[in-house]
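**Q** The hints should help you fit chain G onto chain F, whose structure is shown.
Residue numbers (this note's numbering), protein chains in the order written: chain F, 30 to 447; chain G, 30 to 447.
Treat the hints with caution; some may be incorrect.
[Said to hold, decoys possible] Heads up, simulated PhoX-like pairs for lysine-lysine below, C-alpha to C-alpha not over 20 Å straight-line: (1) G:Lys-170 to G:Lys-234; (2) G:Lys-39 to G:Lys-348; (3) G:Lys-170 to F:Lys-34; (4) F:Lys-446 to F:Lys-348; (5) F:Lys-411 to F:Lys-393; (6) F:Lys-347 to F:Lys-39; (7) F:Lys-39 to G:Lys-39; (8) F:Lys-39 to G:Lys-170; (9) F:Lys-167 to F:Lys-74; (10) F:Lys-34 to G:Lys-39.
Rather than coming from a laboratory, the hints here were simulated on the basis of the structure.
Protein chains: 2
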Amino acid sequence: MILRKVVIEKIEGVFRRYGFDPIDTPSIELFEVLAGKYGEEAENKLMWRFRDPWGDREYALRYDLTVPLARYIAMHRDTPMPFKRYHIAPVWRHEEPQRGRYREFYQCDVDIVGSPYPEADAEIIMVVDTVYKELGIKGVKILVNDRRILRGVFEEELRIEEPLRVYRAIDKLDKIGVDGVRRELGALGMGEEAINKIIDIISLKAPVDQAVRELTARYGSNKHVVEGARHLEEISSIVGSKDLVFDMSLVRGLDYYTGPIFEAIVEGIRIGSIGGGGRYDSLIELFTGIRTPATGFSIGLDRVIEVGLELGVLKRDKKTYTEVYVVMLDRSNEVSSYSLEIIRTLRSAGIPTSWDLLRRAHQKQREHARKLSIPLVLYIGKQEVERKTVTTYHVESGERAEIGRENVVDHVKRLLKR
Amino acid sequence: MILRKVVIEKIEGVFRRYGFDPIDTPSIELFEVLAGKYGEEAENKLMWRFRDPWGDREYALRYDLTVPLARYIAMHRDTPMPFKRYHIAPVWRHEEPQRGRYREFYQCDVDIVGSPYPEADAEIIMVVDTVYKELGIKGVKILVNDRRILRGVFEEELRIEEPLRVYRAIDKLDKIGVDGVRRELGALGMGEEAINKIIDIISLKAPVDQAVRELTARYGSNKHVVEGARHLEEISSIVGSKDLVFDMSLVRGLDYYTGPIFEAIVEGIRIGSIGGGGRYDSLIELFTGIRTPATGFSIGLDRVIEVGLELGVLKRDKKTYTEVYVVMLDRSNEVSSYSLEIIRTLRSAGIPTSWDLLRRAHQKQREHARKLSIPLVLYIGKQEVERKTVTTYHVESGERAEIGRENVVDHVKRLLKR
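Next comes chain F alone, as it looks inside the complex:
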């Protein structure tokens, strides 16, 4: 739990440094708010839907943090734009639990509402890139594509104008492999020639600049492709990172994307993506009737932690935030009340301090502090009470000292390097 907390606080720190502010929305939404936003599978298989047990309305637990944000914006029309928000909270999906997939899991979302420009998408990519870097996760690539490019290419090559079902099939590539995607496309009624073409199309993977050149050379007359390619090019020039890779097989499964789409992967780790997002310029309009462009990214907390542990950059070693444990050598009133005074002083000085609540012998108290790997132990007995001192024991260095009580806070801070 402490590891999760440490990671969340790190992510939150980066979000704030990039000028994003927190919001919070309810976990339960009216089903009608979420309906028609994600796609058929999400809505009818993965969403936790239920009727109000004492009423008549239909509810659902939020499926992501994006649609609730859109609903929030619709209800707060006076929000100054662009609105840069982050939201770290659980979402629910009714999947069979498996490695890296849980029914209730935390998403860490950043979004920018109100800007149609590549600057906003670039800002999103820069902030999540910094998050991964500061968590120590090396080898992160941000895959990018654009729904307009996909649409244009599918139009040109296959005359498909409603490609959402095709996207959802392609989106499973990671999980079910090329043959699986072939089967899914076949199930949609596509012939082998079309399927071959799709498999060929989605194999394009290249640095953004190169991909943009190839795409405009080939589909320069299709305005969707040109718009998407130009947008990606501008994002790339602001982000200026070699870790940005164009990947035509990146489609994202959800219906609401309209422009650039992103996904973060770690090279050499087989856990699927550790985050993803994209631009959804039409979603908020569904609620407000007013076109309100938006773009965002969602970092999967549990995935990131698994990857961090696998790479050895995150460790499960911290068992407590507590840094000082006060051992009472006996249970006399004098020792107890003197100890409580010292404990109060340390806590007031901001030092996380604990003590025995089980009336255990001092050896057992020491044992408890050891189990929790608390770095500093303070001993208080009759001698310390009489001399108005405290005996400190710094576990790592083995340093032991008897300190006057007026100097305890300074001494403890020095030992803890605070």
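**A** Coordinates of chain G only, in the frame set by chain F:
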């Protein structure tokens, strides 16, 4: 939202200083886990229950954070004891929304599992008392009683041995007044004489020491009263606070309490309690079969914020965490890329920094920073690019300066007093 965040982070800081560590449990529990723990009304009227929409099991959204903690302990038998945990998260109750009451609301819980001693209850009271103090909420009283005292007194005076229904009636005193409680007791089939006696009994309110003396003088032969009174006396002697008040009308509505019970109120504010808790020594046993004493307290976040606003100690003034806004005076490549470099530098130095994502004229950019009350504005134009400088404008002091880019971080930190 920022105010909520600030308050949560303050509360969390105090919890950690007192040696409590975070845990997190899922929002959804199997209904059978929550069933039979809270009482009839909670279970059948207030709990969000629903069937698995794709399966057969019955679920519920957690009603509090205490029963999920008990379930957690049952599943993690190797947890070192005492286990001091905090949990700040939403819970759900199906009440009609009204002032100070929401369907989804945050509780901030601290609990100690594994200690039957008054030391643990005292530790709980000390930590929540510090929370209220550090939030600046003055006039907080911690009301205390003990379920054993209640049981003993009801036995002695009225021969009632199953008083849970009576407690739930008394628990509504704040909401429905004395006459309301009379009616509820009448509805339970009690006669007027018994009702009068109960109303008389629950009027005892006194400093803990005095109440203990009175109770032991009158009911000294009842072992429940004596046990409860002695426990409260010991808590009081450790806490040593004048803000601890014995109140016989404090009963707490939930079934699972077994010993001391607590409730925090603010004198002179009519919003009901701002937190409550108590000892529940039998709850974990329901899951494990092994007696595992525990005690805890739950701070109602929304209530605390309302009270803080009403008292004027909390303010809604902060609109963003962002401290620096970079205004680009034109959109040339030189100005943009130089600005992005400065922005990157500031963010790397830990300074929350934002910039325009809407390609607005510089006046509009400045206007946006003003709307969000961002304290420091940096101007970058051709001149700054050429001279390798930045022009800073500190809103509050009106101080304006042109600073070499190598000194920007230091200068900004000085202006922001970091």
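**Q** Now look at each hint and say whether the structure bears it out.
**A** Each hint tested on the structure:
1. G:Lys-170 to G:Lys-234: 12 Å, holds
2. G:Lys-39 to G:Lys-348: 18 Å, holds
3. G:Lys-170 to F:Lys-34: 32 Å, violated
4. F:Lys-446 to F:Lys-348: 19 Å, holds
5. F:Lys-411 to F:Lys-393: 19 Å, holds
6. F:Lys-347 to F:Lys-39: 15 Å, holds
7. F:Lys-39 to G:Lys-39: 17 Å, holds
8. F:Lys-39 to G:Lys-170: Answer violated: Lys-39 (chain F) to Lys-170 (chain G) is near 37 Å, above 20 Å.
9. F:Lys-167 to F:Lys-74: Measuring from Cα to Cα gives roughly 35 Å; hence the hint is violated.
10. F:Lys-34 to G:Lys-39: 15 Å, holds
In summary, the structure is inconsistent with hints 3, 8, 9 from the numbered list given earlier, while agreeing with the others.
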